[in-house]
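Protein chains: 2
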Amino acid sequence: MHHLRGYFPILNWGRTYDRNAFSNDMIAAVIVTIMLIPQSLAYALLAGLPPEAGIYASIAPIILYAIFGTSRALAVGPVAVVSLLTASAVGQVAEQGTAGYAVAALTLAFLSGGFLLLLGILRLGFLANFLSHPVIAGFITASGILIAFSQLKHLLGVSAHGHTLPQLLTSLGEHLGEINIITVIIGGLATAFLFWVRKGLKPMLRRLGASPTLADVLTKAGPVAAVAVTTLSVWLFGLDDRGVKIVGDVPQGLPPFTLPGLSPDLIGQLMMPAILISIIGFVESVSVAQTLAAKKRQKIDPDQELIGLGAANLGAAFTGGYPVTGGFARSVVNYDAGAETPAAGAFTAIGLAIAAVALTPLVYYLPTATLAATIVVAVLSLVDFSILKKTWGYSKADFIAVAATILLTLGLGVEVGVASGVGISVLLHLYKTSRPHVAEIGLVPGTQHFRNINRHKVATDPTVLSLRVDESLYFVNARFLEDLIQSRVSDGCAIKHVILMFSAVNEVDFSALESLESINHRLTDLGIGLHLSEVKGPVMDRLYQTHFLRDLNGDVFLSQYDAWKALAKSAEMKNAAE
Amino acid sequence: MHHLRGYFPILNWGRTYDRNAFSNDMIAAVIVTIMLIPQSLAYALLAGLPPEAGIYASIAPIILYAIFGTSRALAVGPVAVVSLLTASAVGQVAEQGTAGYAVAALTLAFLSGGFLLLLGILRLGFLANFLSHPVIAGFITASGILIAFSQLKHLLGVSAHGHTLPQLLTSLGEHLGEINIITVIIGGLATAFLFWVRKGLKPMLRRLGASPTLADVLTKAGPVAAVAVTTLSVWLFGLDDRGVKIVGDVPQGLPPFTLPGLSPDLIGQLMMPAILISIIGFVESVSVAQTLAAKKRQKIDPDQELIGLGAANLGAAFTGGYPVTGGFARSVVNYDAGAETPAAGAFTAIGLAIAAVALTPLVYYLPTATLAATIVVAVLSLVDFSILKKTWGYSKADFIAVAATILLTLGLGVEVGVASGVGISVLLHLYKTSRPHVAEIGLVPGTQHFRNINRHKVATDPTVLSLRVDESLYFVNARFLEDLIQSRVSDGCAIKHVILMFSAVNEVDFSALESLESINHRLTDLGIGLHLSEVKGPVMDRLYQTHFLRDLNGDVFLSQYDAWKALAKSAEMKNAAE
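Chains R and H, in that order, give the protein sequences. Going by the UniProt record's numbering, the first sequence opens with residue 1, and the numbers climb by one from there. Going by the UniProt record's numbering, the second sequence opens with residue 1, and the numbers climb by one from there.
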């Protein structure tokens, strides 16, 4: 039963669900639904899909996440970055507007769902850690910029395309002659209005005496107002006949049952993008979920989150949607509105289902420029270059990883950008460990503690060379220690003993073992003793299985101080140690 | 001048060159030349090139390496594994036997030389460390098997092809009907004879009273004898008319001046293989050079070796050769024969040039089966599965990397095999560091030394949780420590202080810094102090630039013992510590 509850978290919170939780969840659902209607249409537009796909992608996935997910406030559905990734991936296999495009989006959701589910069942959630915080921050910022530029065409009424900043700018430049002035006016006013709603409306309402809740709800309803006003204007003044592009016919009805395309060819082309979308979506979702859970001292199980998101994506694949994940904006709104359990998500799904059945004719005259404006205003809040300054001050390696991620995402597209970010972080880490810090150490007087002779006032002995190796020894740096000791002992001819203090050596792999053996042979030839100190348990366990310990010409000491006491010969040094 | 000598090591040994060194070098050169003539022809065959390419690849490269290389005994030229890699890479862009094939081999040598030179100038020799010892061992073993199977067609007189074991076996199976019995007899006898020369001839000659040097020279001349006898047999009995394939016309003359093909298309296709060949060739060459240098207490400069090998490959590209590197067999022979300086290599080049001018008509009737036999006997000595047993006993991660390298090299070819070996080693290393060992530690009584409470008898205090983090903290494991401390403090409610002993933390990157900040916030909320001890200098330097140290609710102690003295409250524990 316990095991079952692990896989169906709904069994935990469902048993204690009461009227109070119900009413809180209901209120949250109404607010989130109002916010989601224009947002879902807009993100579908960003993904290159018909507007209803955004609504469909918010219904089944939300319900499935409510059953399998562990976060109580996470709202699952289309989000900006994943929509952009979808457009980029699907754009490579099909033309926008074709049936093949929509089918490929379903396939992408299916593959992504399957991959997430697989990772969850294999408990491989730690893979997401390969995306470092700075790389994520850089990627989100660059994606925000890309998204904003990709929406410019809707705000100007021109037809441009591209998946990188240079492509988008070139394409916009080529089509600049087609600008539709009325579209520009609608788009400009909608953008300005939405920025004002975001920054200025809430303080103003509070000053006018509105309750915090009311002010909040009205602020969230801003995009709905923009949608309503611009739609009415187009309808009243027949602006669609004057070149303003509108959403047009949106089918009325519940999400259809759809089948993703599963030809080996399509799967082959979409597999890598699906893996990428899964990992990015998972990282975004888990960090939102953890942030919200921490506020209420609740816990998230990342491996179960993989299963929840996997189920949600499979749901999207079979109900006319596209890849989804837990979104930051919608989850925060859900949380702030007082959602207590995943049931709030289910009620939101019902609200959206009603909208899909009843309200779609109302958006016929909705100009795409308004949707573009809601996207631009939403994503520009994601753009934050402060990570560049923070990492520059702390670590140049992290800075390089962020800067490369931003530049490559803008210049070569989202997939290359994020993959390079991960690759560069890993390579820089390996590079750092390939030339480890090795400190010559001496005894801090009056203690049994040893520190770097260049940083601390310590006692040393010319016949004993004590080296603290500040890195695990493995193939990337195995030869480094060999060369270093070789050059150190050829410098100091008084040396009779070398002590390697292994307090920071967390691993000795097979290549490093061979290097240690060769160091031992060389020092034996030179009549110098090789000793180890403070070897950790797990490392010692390994070494016991080899003949290295038998061949070692010196000893292994429990502590560096023991080694020093046994080997330091000069009397004055001994005195200093006492 | 010193700087110049760094780039031209010839200026070092050239100044002191004397008659004694000259005569030693001369003797070595004669022995190596005799060995190299059949070997060069054979490796050219293995690479899919006309036989003279093997001789040409041994002339200019040897001279260029003598000028730029740092090893005194290394003999540069065609080697088995690089020949196999060449056949695999060039086979993908051109048909064997066409002019395009030979040009692509020149291009491969050119790209490889350029890449090595670039690495050398940028001092990037450490990149070779990414190939771990076990991966190299596994790769060499698998390559030896592949090479032996690729030569079976010559020993059987059939026409088969393929770059992986399944391909080779299938192709051999299909052509089994074409077997030429006379070829099988020649090939079988030559193989048996060469095995006997390698294993049994030297002991027998010594028993018969031959001097060690004479026995050695006669053993090295074994392949020449096989070549002479089989060539004569074919000529006398007209076996070439009975289906025995022979070497045929080999142009007489010095190496020609050739130009590698440099179309962007060809460069694009050969760039990755060239990088792979460069790195594998460099690793093989440097390990041979280091082994030989260590015996005479000489030194190798890996970055200058890159320049020497780069120059040698560029030389091969412009003189009708193909990629070369320092070979194990030829270098050992050179060393054993008493070579004192790189001049021995230059004399070998002269010997081979004479052979190219005068001796090529003599190999017209040489059966390719004899060449195949010399290859098979040479490469089977490379095959050594003991690395599997050794790594199995020591470290399963290393074992997995070796086993994968062997299986993938045999099953999918040399390029996939070695690239996967590197990738798998790196991923396994990252995986290990993603779940670091964290030991709860206590004071070893009577000392100031702290060890794992599960492995040693130590004193502890219920109000102080001391954790030794056995890994650098970076993005891959940043979140791990957060979760671990969270679960440890929620288990023990008596805990008032957490001390993180950082003796094994060699790096704290930006992601880990954010995790430490969040640990500090959570512990502060719970009224628990967070302290650090034994933070290394380089890590401390970084932390000083952040506000983490200001925000830290506890202290940073020089040693774990200081932290313990200051924080451990219970009197009996304090007593234990005194």
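Careful, some of the hints might be misleading.
To be verified - Partial list, computed: chain R residues near chain H (C-beta under 7 angstroms):
(1) Trp-13
(2) Gly-14
(3) Thr-16
(4) Tyr-17
(5) Ala-353
(6) Trp-392
(7) Gly-393
(8) His-429
(9) Arg-455
(10) Ala-459
(11) Asp-470
(12) Ala-504
(13) Asn-506
(14) Asp-509
(15) Asp-541
What the hints assert, rightly or not - Among chain R residues calculated to face chain H with C-beta under 8 angstroms, some are:
(16) Thr-98
(17) Gly-100
(18) Arg-242
What the hints assert, rightly or not - Keeping only pairs whose Cα atoms sit at most 20 angstroms apart, straight-line, the calculated DMTMM-like set for lysine to aspartate or glutamate is:
(19) R/Lys-296 - H/Glu-517
(20) H/Lys-296 - H/Glu-95
(21) H/Lys-389 - R/Glu-415
(22) R/Lys-396 - H/Glu-514
(23) R/Lys-299 - H/Glu-340
(24) H/Lys-296 - H/Asp-240
(25) H/Lys-299 - R/Glu-517
(26) H/Lys-390 - R/Asp-541
(27) H/Lys-496 - H/Asp-555
(28) H/Lys-432 - R/Asp-541
These are computed hints drawn from the structure, not numbers from a lab. Small disclaimer: the values here were computed from a predicted structure and weren't measured. In this text, a Cβ means the ideal position worked out from N, Cα and C, and glycines have one as well.
Cross-check of the supplied hints:
Below 7 angstroms, beta-carbon pairs count as interface contacts, and R/Trp-13 has none with chain H, the closest being about 21 angstroms; its hint is therefore violated. For R/Gly-14, the interface hint is violated, the least distance from its beta-carbon to any beta-carbon of chain H being 25 angstroms, above 7 angstroms. Annotation: R/Thr-16 was flagged as interfacial toward chain H, and the flag is violated, the nearest CB pair being 22 angstroms apart, outside 7 angstroms. Taking 7 angstroms as the C-beta cut-off, the interface hint given for R/Tyr-17 is violated, the closest approach to chain H being about 26 angstroms.
For R/Ala-353, the interface hint is violated, since its Cβ never comes within 7 angstroms of a Cβ in chain H; the closest pair sits about 37 angstroms apart. Checking R/Trp-392 against chain H by beta carbon gives a least distance of about 10 angstroms; that is not within 7 angstroms, so the hint is violated. Satisfaction of the interface hint for R/Gly-393 is found here, the shortest Cβ-Cβ separation to chain H being roughly 6 angstroms, below the 7 angstroms cut-off. Against a cut-off of 7 angstroms between C-beta atoms, the interface hint on R/His-429 holds, since the closest Cβ of chain H lies about 6 angstroms away.
Proximity of R/Arg-455 to chain H holds as hinted, the smallest CB-CB distance being about 5 angstroms (cut-off 7 angstroms). Evaluation of the R/Ala-459 hint against chain H yields a violated restraint, the C-beta minimum of about 15 angstroms exceeding 7 angstroms. The closest approach between the C-beta of R/Asp-470 and any C-beta of chain H is roughly 5 angstroms, which is under the 7 angstroms cut-off, so the hint is satisfied. Look at R/Ala-504: its Cβ gets to within about 4 angstroms of chain H, closer than 7 angstroms, so that hint holds up.
Interface hint at R/Asn-506: satisfied, since its Cβ lies 4 angstroms from the closest Cβ of chain H, which is below the 7 angstroms cut-off. The restraint placing R/Asp-509 at the interface with chain H holds, with a minimum CB-CB distance near 6 angstroms, inside the 7 angstroms limit. A cut of 7 angstroms between beta carbons decides the hint on R/Asp-541: the least distance to chain H is about 10 angstroms, and the hint is violated. Because the beta carbon of R/Thr-98 sits about 32 angstroms from the nearest beta carbon in chain H, more than 8 angstroms, this interface hint is broken.
The interface hint given for R/Gly-100 is violated, since its Cβ lies 30 angstroms from the closest Cβ of chain H, which is over the 8 angstroms cut-off. Interface restraint check for R/Arg-242: the shortest CB-CB distance to chain H comes to about 49 angstroms, outside 8 angstroms, so the restraint is violated. A hinted pair counts as satisfied when its Cα atoms are at most 20 angstroms apart, and R/Lys-296 with H/Glu-517 qualifies at roughly 19 angstroms. The hinted pair formed by H/Lys-296 and H/Glu-95 fails the criterion: a straight-line CA distance of about 46 angstroms is larger than 20 angstroms.
About 41 angstroms separates the Cα atoms of H/Lys-389 and R/Glu-415, which puts this hinted pair outside 20 angstroms; it is violated. Restraint check: the Cα-Cα separation between R/Lys-396 and H/Glu-514 comes to about 16 angstroms, which is no more than 20 angstroms; the hinted pair holds. The suggested pairing of R/Lys-299 with H/Glu-340 is violated, with an alpha-carbon distance near 70 angstroms, which exceeds 20 angstroms. Between H/Lys-296 and H/Asp-240 the alpha-carbon distance is near 49 angstroms, which puts this suggested pair outside the 20 angstroms criterion.
A threshold of 20 angstroms between alpha carbons decides the hint, and for H/Lys-299 with R/Glu-517 the separation of about 19 angstroms falls inside it, so the pair holds. Only pairs whose Cα atoms come within 20 angstroms are accepted, and H/Lys-390 paired with R/Asp-541 is accepted, the gap being roughly 16 angstroms. For the suggested pair H/Lys-496 and H/Asp-555, the alpha carbons sit about 14 angstroms apart, so the restraint of at most 20 angstroms is met. Between H/Lys-432 and R/Asp-541 the CA atoms are separated by roughly 16 angstroms; this keeps the pair inside 20 angstroms, and the hint holds.
The structure fails hints 1, 2, 3, 4, 5, 6, 10, 15, 16, 17, 18, 20, 21, 23 and 24 (numbered hints given earlier, in ascending order).
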